[in-house]
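Novice: Each chain, letter by letter, is given below.
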Amino acid sequence: DVKVTQSSRYLVKRTGEKVFLECVQDMDHENMFWYRQDPGLGLRLIYFSYDVKMKEKGDIPEGYSVSREKKERFSLILESASTNQTSMYLCASSFLLGGNEQFFGPGTRLTVL
Amino acid sequence: KQEVTQIPAALSVPEGENLVLNCSFTDSAIYNLQWFRQDPGKGLTSLLLIQSSQREQTSGRLNASLDKSSGRSTLYIAASQPGDSATYLCAVLGNAGNMLTFGGGTRLMVKP
Chain H
1 DVKVTQSSRY
11 LVKRTGEKVF
21 LECVQDMDHE
31 NMFWYRQDPG
41 LGLRLIYFSY
51 DVKMKEKGDI
61 PEGYSVSREK
71 KERFSLILES
81 ASTNQTSMYL
91 CASSFLLGGN
101 EQFFGPGTRL
111 TVL
Chain S
1 KQEVTQIPAA
11 LSVPEGENLV
21 LNCSFTDSAI
31 YNLQWFRQDP
41 GKGLTSLLLI
51 QSSQREQTSG
61 RLNASLDKSS
71 GRSTLYIAAS
81 QPGDSATYLC
91 AVLGNAGNML
101 TFGGGTRLMV
111 KP
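Protein chains in written order, with this note's numbering: chain H, 1 to 113; chain S, 1 to 112.
You may find that some hints are simply not true.
With a straight-line cut-off of 25 angstroms between C-alpha atoms, the simulated DSS-like cross-links for lysine-lysine are [as the list claims (entries may be wrong)]: (1) Lys71(H) - Lys53(H); (2) Lys1(S) - Lys13(H); (3) Lys3(H) - Lys55(H); (4) Lys1(S) - Lys55(H); (5) Lys1(S) - Lys57(H); (6) Lys3(H) - Lys42(S); (7) Lys53(H) - Lys18(H).
Just so you know, the hints here were simulated from the structure itself, not pulled from any lab data.
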């Protein structure tokens, strides 16, 4: 089975802190994605990556950056956390070719105080 | 821009009923459509993936259909059980790239 893991299930940070969310997949997938999920707004794509060191902006990249130094690992970085970044963050992965299923991790519930 | 709508937003049924969840999308130029299940506070579990050339996919008590020309998909759940209670999300992958567009979900409660 595909396994996508995220470093934390729950995280509480203070405004202005630098925050790292880590995602690891074990299926040799080329594509990796970061989404956030908010009530009433659904899932929105922040960034995705189709290869090591490659990244593409999604619908809401402002306030975030990403890093992909190894194929299996994709990090989401909040340079200076703000309260409006309190959300559920979901990581996903898939094979490069279009038409392949995306597999999701368990999510990280981030609260910024 | 692709928009995905799921109706109803919430549904409550007694155990044992067969039920249908609906998903509609505005741009029929899709590569595939995926149905997910999400339990409260958890990640998404992929249920079924339908390629644009397919009409339906089945897995156990679940059957998903796709009518690309009309921009619709349905998820049929047979003989519903309390363990089916969750939010069900559909998402479409456009021809242009690798980004999924999600619907708002249907929150299903199956009462014993």
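Novice: Each hint needs a verdict: does it hold in this structure or not?
Specialist: Verification of the supplied hints:
1. Distance check on the hinted pair: Lys71(H) and Lys53(H) sit about 9 angstroms apart at the alpha-carbon level, within 25 angstroms; holds.
2. Annotation: proposed proximity of Lys1(S) to Lys13(H) is violated, straight-line Cα distance about 35 angstroms (limit 25 angstroms).
3. Under the criterion of a C-alpha separation no larger than 25 angstroms, the hint pairing Lys3(H) with Lys55(H) is consistent with the structure, at around 22 angstroms.
4. Between Lys1(S) and Lys55(H) the CA atoms are separated by roughly 21 angstroms; this keeps the pair inside 25 angstroms, and the hint holds.
5. This hinted pair checks out: Lys1(S) and Lys57(H) have alpha carbons roughly 16 angstroms apart, not beyond 25 angstroms.
6. At most 25 angstroms may separate the alpha-carbon atoms for a hinted pair to count; Lys3(H) and Lys42(S) meet this at roughly 14 angstroms.
7. Under the criterion of a C-alpha separation no larger than 25 angstroms, the hint pairing Lys53(H) with Lys18(H) is consistent with the structure, at around 21 angstroms.
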